[in-house]
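Could you put the whole structure together from the sequences, leaning on the hints where they help?
If you're matching them up, the sequences are chains A and B in order.
Once you know that position 141 of the first sequence is 145 in the working numbering, the rest is easy, because the numbers rise by one and skip nothing.
Once you know that position 157 of the second sequence is 188 in the working numbering, the rest is easy, because the numbers rise by one and skip nothing.
Certain hints may be false.
Derived SDA-like pairs (lysine to any residue); straight-line CA-CA distance at most 20 Å [stated by the list, open to error]:
| # | chain 1 | residue 1 | chain 2 | residue 2 |
| --- | --- | --- | --- | --- |
| 1 | A | Lys183 | B | Ala150 |
| 2 | A | Lys183 | B | Asp229 |
| 3 | A | Lys91 | B | Val75 |
| 4 | B | Lys163 | B | Glu146 |
| 5 | B | Lys204 | B | Gln179 |
| 6 | A | Lys91 | B | Lys177 |
| 7 | A | Lys91 | B | Thr220 |
| 8 | B | Lys170 | B | Pro221 |
| 9 | A | Lys183 | B | Gln179 |
| 10 | A | Lys91 | B | Arg89 |
| 11 | A | Lys91 | B | Ser225 |
| 12 | A | Lys91 | B | Ala74 |
| 13 | A | Lys91 | B | Tyr197 |
| 14 | A | Lys91 | B | Thr72 |
| 15 | A | Lys91 | B | Leu119 |
| 16 | B | Lys177 | B | Gly299 |
| 17 | A | Lys183 | B | Arg226 |
What the simulated footprint calls covered on chain B by chain A, stretch by stretch (three residues with Cβ under 8 Å from a Cβ of chain A suffice, anywhere in the stretch; the number is not a length) [what the hints assert, rightly or not]:
| # | segment |
| --- | --- |
| 18 | 52-58 |
| 19 | 68-74 |
| 20 | 77-86 |
Read the hints as simulated data drawn from the structure, not as lab findings.
Idealized CB from N, CA, C, for every residue including glycine.
For reference, the chains in residue letters:
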Amino acid sequence: MNTASLLSRPLLRDNPVTVQILGICSALAVTTSLITALTLCAALSIVLCCSSMIISALRQHIPASTRLIIQITIIASLVIVVDLLLKAYLFDISQQLSVFVSLIVTNCLVLGRAEAFAMQHTVRESLMDAVGNSVGYSAVLIIVASIRELLGSGSLLGEPVFTRASEGGWFEPLDFMLKAPSAFFIIGLLVWAVCPRKRVDEHSKTKHTTSLVINPHGASHE
Amino acid sequence: MADTDNRQHSLESSRLAPDGALQNVLMTSLVALVSALFVSTAAVLLQPRYAAQQSALRQASMANLIESIPSLSSLVLASDADSLQTQLIDLDSGCRATEVSAAEFDARTAENDPEQSRALTTEDGDAQAMLKRRSDLEKVHLLFDKEQLQMAILPVHGPGYQSTLYAWLVLDKDLSSIIALSVTEHAETPGIGSRVEDPAWQRQWTDKQLLDESGELVIRVVKNADDTPYQVDAISGATRTSLGVSNMVRFWTGPLGFGPFLELQRRGEPC
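This is how it looks when you write it as structure tokens:
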């Protein structure tokens, strides 16, 4: 696989959130405001890139029977360090994110890429794949968070965009957007928006018989 | 598709990877060791910054506390700046300790320093299950108006379900009526025990009484509290956190905590 396809496949065709339905838990929890979503995306990207590279570099030495234990140990250490860094340098945001940074450990996107990709590919390819998946995951979170913050609080990154009705404007905040179910609806609409494209792709390439890859590490981890 | 190819590929490559018992033990131990070193180095290096953030948070919590109590903020504004005094109290005698300056005193350091604290033993009864050590001195904030004590702000702490709870207990001038309990620091289960910081729950404490008419310490956190001013309703689902708050308030207002100090102040004979 070439670099370009490693980077671009996870953006739309194999998007971890809208196609593989991974990492939904965090996508629901941290997308009430854009700043928390951006922070979690950055944390996840760092963990995913580092863990993919480390696991890929060690792949010749990781015994098959204990590979999951080794992978999760590496991922968990990275997550703890990222969490500590956030607590030390971005204390306010880390308070808002509460447990969701630590929960990156159980985000099946990270373990999924380690197990399905990094274990069989070179460090460079694994890094490309991790960057692609990070961007794919982040794009969805940023879209969802922008919609929720804009309609739920009338602001973006804490800066007011719409003037509220209570302050003489026209905007009435939608409290529903700040609750978790709204993220389900927005992600559902995104899945719907992405899926038809995919089917056209599959029909044009008759060789492929399976149309949807469901990652075996999917729902059970969430 | 790509992932299915990878899976077949992984079966081939896993046959090549050495998978003996020795290899497994060596590799897992090595990864565990390196990870442990990595995590602990980061924790030690970042600790000073984290501690600074925590102490800034504590100071902000004091300011928030004063703002959140209308009677307190109006008193502070109405009276001289000096009227909110910080005093060090010798817990055993209940008297003011003057040999150490209040500004330099750090209760958390003192609690773990054998020279500035005492271990609680089985002779201390239930209290021993609560805290392992107790500092000899504690810092309290007292609000005076025309030399009359109006309010006392006491720092309290104790174990909750999985973390130590830290709070301010604000008492009215009779030193039995509670004005507020404000939990400032905890690491309880998010969404369950963490509701201890919920303002609606904390508001319940306002106007509760520590002592009944005979002067007995009766305040408690219980399930399905009645309407008496001696009971606070527990947080549903967080029994042990609620019990922790109950024990904490009872310990710190009891004989091993600020009890002697409060008793002297109530009788109006400060030493």
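TODO: State the violated hints by number, sorted upward, taking the hints as numbered earlier in the document.
DONE: 1, 6, 8, 9 and 15
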